[in-house]
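Undergrad: Single-letter residue listing:
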Amino acid sequence: MSSADIYREIILDYYRNPRNYGKIENPDISKKDSNPLCGDELEMHINLKDNKISDVKFTGKGCAISQASASMLTELIMDKDFEFVKELTKEDVLENLGLHDLGPARIKCALLSLKVLKYGIYSYVSEKLKDTASADKIKEEASGLF
Amino acid sequence: MQASVINIKSIRNDFPILKRKVHKDKPLIYFDNAATTQKPIQVIDAISNYYLNYNSNIHRAVHQLAEEATAAYELTRDKVAKFINIKNREEIIFVRGTTEAINLVAYSWGRQNVQKDDIVVTTEYEHHSNIVPWQLLTKEKGAKLEYIGVDDNGELILDQLDAYLDTGRVKLVTFSQMSNVLGTISKSEEIIKKCHQKGVRVLVDAAQSVPHIKVDLQKLDCDFFAFSAHKMLGPTGVGVLWARKDLLESMVPFNGGGDMIREVHKYETTWNDLPFKFEAGTPNIADVIGFSAALDYLDKIGMDKVREHEVELTKYALEQISAVKGIKLYGTPDITKRGGVISFNLGDIHPHDLATIIDEDGVAIRSGHHCAQVLMERLDVSATSRASFYIYNTKEEIDVFIRSLNRARELFRI
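Listed in order, the protein sequences are those of chains A and B. Under numbering that gives the first Met the number 0, the residue at position 92 of the first sequence is numbered 91, and the numbers go up by one with no gaps. Under numbering that gives the first Met the number 0, the residue at position 208 of the second sequence is numbered 207, and the numbers go up by one with no gaps.
For the record, the hints were derived by calculation from the structure and aren't laboratory data. Predicted model, so just to flag it, every value in this text is computed and none were measured.
Okay, derived cross-link-like pairs now, EDC-like style, lysine to aspartate or glutamate, Cα gap no bigger than 16 angstroms in a straight line:
1) Lys60/A with Glu376/B
2) Lys60/A with Asp347/B
3) Lys78/B with Asp295/B
Please work from the sequences and hints to get the whole structure.
TA: As structure tokens, this is what we get:
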């Protein structure tokens, strides 16, 4: 994928004007992670209501791909059923970003937000819902992300 | 090709990798030399010649192959001694790299000499390899780790060193002779003199300096000195720790095993002589022999010429890059105080995005925190881009690099 295809207007716009940027006080789900290779950081806060994502916010620093990806992911899951978010795949995220065939180094930037989201859901499902079977499956998915 | 202090055309011919193309048809422009340099054919041939013709283990066997291999391995030690100008060849310890050399000192000398409430002083522009071993040591001992700060020109604030030394509790001062991010050349002799006046030991991390400037250890007069072969045309997996003989003799071994022993009994062992006391196990024979060819190569050009070439390139690059709209440069503008390393940011383009874009034009630079997160914090950035030069780089390559930066700027509409 050429950089002219990666750094399209929409990616730059989400990088410079991230939607849903910020924090939620006492969120139901809170997760933070970083990519030790490049230092990108991401924290995601989520509130749930009636089994739906009622609010989601993120903070972080990093490259255009990682930050735009996080912002677009928050828009993708806002108001969605918890089940939908649990089932979200990396293909869904890349499709939503319009990024295909990213190299092995840069795909980590694009998927950091999904990794944070999945680990956040994992903690929620295992600690608050005590649903071990479901939690194990999500953890396996999350650890396979990069 | 521009007129140069060195014969750039013939040098480039010695590096097979420089003939390859990247991203289909772009000539490789390799500006990531502070991370590792490319290898000339002479080094590659020396390694393959060892494996093809006299591969064997060293020091013990008496057959001809072992004698040839031992001689080639030990000859490298002599060449290193000459290269850094020291008298005693047995003070040269071969290790895996600078990181291992520093860890060896921290684990062996550090554990014997640093006690509770003592102070180890490092600097804000160190690589993680000259911070983390000291964090481990000082935490274990209940000692303190202190930092010499970096000023806005990217130079060490030496008044802070004086204040630490005045406490009378400093056991070791450890600093890099050249910063891997800013390129700043430390005032090494001044630092060492101050420390020795107070009886404090000094370790010099020379990973970035030995490949680029002439060093003379008799003049420098430090206590420990560490560098890596792979940043100076040699193979990966070889590094050097030099330390004064009396210190090495007082230190306990870092690794126990074969080659480092004199006699082993069931419950006690006596140590072999230097340097073997610190070279347990079969060493990296092939790559030490490859390193020998790298030292020959640099010797033939002459380290003064290497430095002169890099000064010329860096001066040109700084002039050109300063004119790029939105550029922010880190480090001193004074070329006499810096090596061939340029750290920068361009507008709000994250270094990883920038490196991705210019890589498409064949330009390989490093982006990120450069294993120097303490310095990134000091500069108040999460990352920088870094271009670093070596003997085979040219002004024409810098022109391509600058055009590529401008393309990135346009892509990001800066």
